[in-house]
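Line by line, the protein sequences are chains E and F.
For the first sequence, my numbering assigns the number 1 to the initial residue and increments by one for each residue that follows.
For the second sequence, my numbering assigns the number 1001 to the initial residue and increments by one for each residue that follows.
Calculated directly from the structure, the hints in this document are not laboratory data.
Every value quoted in this text rests on a predicted model; they were computed, and no experiment measured them.
Please note that a few of the clues may not be correct.
[Claimed, not checked] Think about it this way: if two alpha-carbon atoms lie no more than 27 Å apart in a straight line, the pair counts; the simulated DSS-like pairs of lysine-lysine are:
no.: 1; chain 1: E; residue 1: 299; chain 2: E; residue 2: 404
no.: 2; chain 1: F; residue 1: 1212; chain 2: E; residue 2: 432
no.: 3; chain 1: F; residue 1: 1080; chain 2: F; residue 2: 1006
no.: 4; chain 1: E; residue 1: 432; chain 2: F; residue 2: 1119
no.: 5; chain 1: F; residue 1: 1212; chain 2: E; residue 2: 358
no.: 6; chain 1: F; residue 1: 1112; chain 2: E; residue 2: 413
no.: 7; chain 1: F; residue 1: 1029; chain 2: E; residue 2: 356
no.: 8; chain 1: F; residue 1: 1014; chain 2: E; residue 2: 390
no.: 9; chain 1: F; residue 1: 1227; chain 2: F; residue 2: 1061
no.: 10; chain 1: F; residue 1: 1057; chain 2: F; residue 2: 1112
no.: 11; chain 1: E; residue 1: 432; chain 2: F; residue 2: 1061
no.: 12; chain 1: F; residue 1: 1102; chain 2: F; residue 2: 1058
no.: 13; chain 1: F; residue 1: 1006; chain 2: E; residue 2: 356
no.: 14; chain 1: F; residue 1: 1102; chain 2: E; residue 2: 450
no.: 15; chain 1: F; residue 1: 1031; chain 2: E; residue 2: 432
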Amino acid sequence: MQNSKSFDDIKNSLRNHWFKVTYEPQIVIKGPLTKEKILELSEMKEEPSWMTEMRLKAYEWFKKLPLPDWGPDLSEIDFDDMIYYASPELRKKPENREDIPEYIKRIFKKLGISEEETKMLAGFGLQFDSSVVYKKVKKYLEQLGVIFTSMDEAVIEYSDIVKRYFGKIVPYLDNKFAALNTAVWSGGTFIYVPEGVKVPFPLHTYFRMNLEGIGQFERTLIIVEKNAEITYIEGCSAPLYSKASLHASVVEVIAKENSKVRYITLQNWSKNVYNLATKRAILYNNTHGLWISAEFGSKVTMVYPGLILKGNYSKGEIYNISFATDGQTLDTGGKAIHVGKNSRSIIVSRSISIGKEKKATSIYRGDIKILKGSENSKSISQCDSLVEGKGTAEALPRIENYEKSSYFNHEAKIERLDEDKMFYLMARGISKDSVRNLVYIGFFEDVLKKIPFKYAMEVRKLINLELDKYGDTV
Amino acid sequence: MQFILKTIDLSVMKNNKVILTGINITIPKNKITAIMGPNGSGKTTLARAIMGDPSLKKQGKIIFNGEDITDLSPDEISKKGVYLAFQHPPEIDVLKTRVLLKYILNNFDEEKLLNLAIKYGLPEDFLDRGINEGFSGGERKKMELLFIDLLDPKLIILDEIDSGLDIDSLRLINNLIVEKIKEGKTFMIVTHYTRIFQSITPDKVYILKNGKIVWEGASSILGEIEKYGYAKF
């Protein structure tokens, strides 16, 4: 998509296909996975042959690759007894509001989310096409030439461009779950931002007309051309109830010269989910890439957003906040590979673990490599953990520097909010609840500042809700 | 004499262990009262019990300004006008001093706070640090003093405030006590040593030993403690 002609083509097809809803026969793909089942999925989606082939190759690797021999225990995941795909009509959808679990409704209410949004967030198809906001957003993006659509549609409508980038940043042999995702992916987002276009507001999954709802094996690809800018927000702070036990997504971001990309994830899966995502961005000369994540939900999360700092003067930042309560293991952190000269990486991780009755675990895992030739580069990582009650935290940084002129620094701190500290602060005239709010929200504050105001407010509310529920161990 | 605080048959337990039994003390208003005794006698527990330490179990009563505060939480007791300068103030890195003070103070005046930092010899970047972050033992004690100016309490309890402080800082404490007494405040000074009473004289002295009050009277006893320690009590 280098010249303006193809750019116009994109604009035209965008107009024609924005609302195109492809008819999907009703199918369900259950484990154990086979080659035939993957073929069936690809055929049903009427995909180009290159995608079918890639799915099959990825499937072979999925079979070969072992589960990670480090990190949280994943042995409970039963790949043979799992639904890999169900067409939207067949998914168990609550028929009306009464079917939404009461606790979720209560939380929605507290978060100030409307009835309409509640339905959508609880896994219904969303009906945003009738809303004024949605129409405005759609028209505006069309004028800019930005493509913002589901990955399923993009593979068909923008096959050439997708083919060029799909699986290039996160190849299927990267890890078992990237292989699985590539083999069975469905849903997810495709964004293309043409050269010089700065999208002035964050694009949110909310805006995307998508019958898929939130998928189990989402696939997201974002391409930002030279001098372009975008902020993308996935997920939401409201809890997402999912019946599926495994969610393995892949996100690939390509940031061309002088561009800026901000990718924000608000993760609040219900607490039965294994959330294993592979996210990676490649940053060319003079780019600025940011991964910002707030991880609240899931039973087990393993997410380490990656930066390939390929370009000179590329700058990548990773900000994670995570909040683990009873029974959760949130294993997060970041990866950075410095290739270009004068590249910068910053990883800031803040975790809170509060275990009231059960263990709550936060783990920071960092993996930083400064390659030879990446002169005058700099990597800074900082990991702070706050634990309370049965909460625990661990910091596991790994840093390799092969370039003498470059510099790295890592700091880790774990602090326990104990009775004595609580008493000390209360003795200064602050109630217990206020101490909690000051400490916990204050603890996340410099990361929350990186998130657009509206979403930061949601996260703050969510912290308060979690504190109401779990925060009484001291 | 008018009193500001009084304990009635106060007994205190921690982790099912009795630390204090049958404590009856009366703290006269606008005066300096010393609570003295050997290590492990229960002095700090008494100070913390008055402040409402939730880890302590109490029997008996604590009356402050004519009100029963025995079962109040530390924040409520603080709001009534009691302040405890901790013996070992904790370091709380995750909470920035600025955030805490903005919450506590109705009027957050950065310049005034910096002047206070200078007055007490604290690092000028203290607002941007966690609470007591990177502070020496002496600096932590000075921070405790600074809180007196901020919270403006009626009863000020100093728990071993002079430990870890040099002569200059000791003078600072003396000046502060004199100044606050003039303003009508009351002091309860918990200490093992007589050092702090070299230039200020307590109006009343209690001696605590094995969790009981074993002596009460005037400051003339200080000389004896200085010479012979607590053995004779």
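- When the hints from earlier in the document are held up against this structure, which numbers fail? 1, 2, 4, 5, 6, 7, 9, 10, 12, 13, 15
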